[in-house]
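Chains as they are written, first to last, in our numbering: chain A, 1 to 162; chain B, 163 to 298.
Read the hints as simulated data drawn from the structure, not as lab findings. Computed from a predicted structure; not experimentally measured. Among the hints, a few may not be true.
Only some residues are given here: those of chain A computed to face chain B with a beta carbon under 8 Å [as the list claims (entries may be wrong)]:
(1) D58
(2) I60
(3) L69
(4) P73
(5) S76
(6) N103
(7) A106
(8) A107
(9) A108
Listed below are several chain A residues computed to face chain B (Cβ distance under 7 Å; list not exhaustive) [to be verified]:
(10) N56
(11) E61
(12) D71
(13) R102
(14) K105
(15) V110
(16) C111
(17) E112
(18) Y113
(19) N139
(20) G140
Backbone N, C-alpha and C define an ideal beta-carbon position, used for all residues, glycine too.
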Amino acid sequence: MNKPANGRQNTCCSTNRGRLSGRQIERNQPMTTKTDTANTQAAVEQMANRRVYKPNVDIIELPDELQVLADMPGASADNIDIDYEQGKLVIHGVVTPRDGDRNQKAAAIVCEYGVGDFHREFQIGEGIDSEHISAEFTNGVLTLHMPKSKAQSMKKIEVRGG
Amino acid sequence: MTRLANMGDLRRGMDRWVDTMWGGIDGMTQAFPALNVWEDGDSFFAEAELPGFTMADLEVLVVGDELSIKGNRQHEGEEVKFHRRERGTGTFARTITLPAAVNPDKVEAVLKNGVLMVMLPKAEEARARKITVKSA
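Bound-form chain B, shown alone (with noise of 0.2 Å):
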């Protein structure tokens, strides 16, 4: 058992210490879209900036404490000359686990100005309760 736990704690390590090293160095490309998360007691909120996508190329999935969006953005034709191109295009998906279980029917994502918001309620046994100490 302690063993098992130790291996988690590694694997949680190392994943942080890969996290660290794609986003922490400059030019290195990072995971897309990067993501900026909040937490109350009763929600999630994720939010990411997809400038150029409409929700028909978005697919943003919940599973159990999962979170996944998905898109594409297509590149205009290949036969025009850029002077510079700096814009990313093609095809992305990324996941993260969230610290706890979201209710899925309760999700609900906005698209505005290229920044999309995702709202997840937490799942109800995932929820801060407020405990009322009784006097003895």
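Here chain A stands alone, though its shape is the one from the complex (with noise of 0.2 Å):
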């Protein structure tokens, strides 16, 4: 199976080690907006830490609707965000961390990939109808349908799903 790297290994022992360049991870930046309550602080610094990775991603062209998939392993159809404005397309999910059955105290022996969230971004050309763009989530990948148009306007889109 082709898989192209992007760049996901070596990463799930520890937070902050590891080779990884600026194309491998995009890592939250810091608000550039820094106010002086601690609970700010505190997410500020949280945010920083935060892993964030690009998903693999389809886009598909048919001859009424652009479809978009991006696998998101682990993230849920109540944690991903998608914003469309100005031919923009945003897509973001927050995937929790996992433990499922292993206790806590198991130690890691094969780490070949890291967790953390989703992001990507991308400048659709084509005018899209954005009223009537849907989306659902189903055994981790999401698919995207933006049906052709020329209006281009703001809107948020919710997630069903799957």
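Put the complex together from the two separate chains, hints included.
Here's what the structure looks like:
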């Protein structure tokens, strides 16, 4: 099975180790406006430490719509945000840590990928009918239906579970 | 005996080196699926990201200390026009050797939101035992 390497190896054991180039990993930038409250500071630090990965994406053109498929394993329909504004599509998925049945003391012996949030942005050249964009999330894959049209306006898209 | 043992070490060393090469260079295809494995006294826990698969597409097999995962992900029809194509398709098979034998009857696999989790209880003889030291 051919799978493009997207730099997710060797990062599961600790948060800040492993060689990761900017292309491989997109770390959330700390907010530019800093406030003095401890809560905000803590939130900023948490954001800065959160690992973010680019999901692998297929974009398919059908006669009446563009279809965007994104591999986002570990995300769920409730934790995915999709925004489409002025031709810019932003996909963001928050992945909650998963321990399953594993007990907290279990030691990592093989670490080939890291777990983190998913984020990806695209500029869509074609006119999209933003009122009728729909999305579903099944088996870890987000499918976005973007019907073609001339109108381009701002819209927040709901994600249906599957 | 010694020579054979050394050969084993050498081979393991080579495997490690090869793994590093394939896993470590950007842009190269790595083994699929990538695996994370944990261990505690009683069990191993293996996890793989397999988005787009259902349990029907996957085969998880355990023999002795070897865990094999096989599967197949179909691609969309060839006639559609791809603007971008990054998601892998086709058949894969991967086998890893665990540090100890597992009890194949008690292996459990769960697939949720594209993440496969396999719980592999160790074989009785491989479990960690607490040994009571008797005073003489």
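Per-residue hint verdict: S76(A), partner chain B, C-beta under 8 Å: 6 Å, holds
Evaluation of the interface hint that places N103(A) against chain B, nearest CB under 8 Å: It holds, given that the least Cβ distance between N103(A) and chain B is near 6 Å, below 8 Å.
Interface hint outcome for A107(A) [beta carbon to chain B under 8 Å]: 6 Å, holds
Restraint check, 8 Å cut-off on beta carbons, for I60(A) near chain B: Result: holds, 5 Å to nearest chain B Cβ.
Status of the hint placing E61(A) at chain B (closest C-beta pair under 7 Å): Holds, about 4 Å.
Evaluation of the interface hint that places Y113(A) against chain B, nearest CB under 7 Å: 4 Å, holds
G140(A) as chain B interface residue, shortest Cβ-Cβ below 7 Å: Holds: closest Cβ of chain B sits about 2 Å from G140(A), inside 7 Å.
Interface hint compliance - N56(A) to chain B, C-beta minimum distance less than 7 Å: It holds, given that the least Cβ distance between N56(A) and chain B is near 4 Å, below 7 Å.
Restraint outcome when D58(A) is required to lie within 8 Å of chain B by C-beta distance: Hint on D58(A): holds, closest Cβ of chain B at ~5 Å, below 8 Å.
Interface hint status, V110(A) versus chain B (Cβ within 7 Å): Holds, about 4 Å.
Interface hint status, N139(A) versus chain B (Cβ within 7 Å): Given a least distance of 5 Å, the restraint on N139(A) holds.
Restraint satisfaction for E112(A) [CB to CB of chain B, less than 7 Å]: 4 Å, holds
Hint violations for this structure: none, all hints satisfied.
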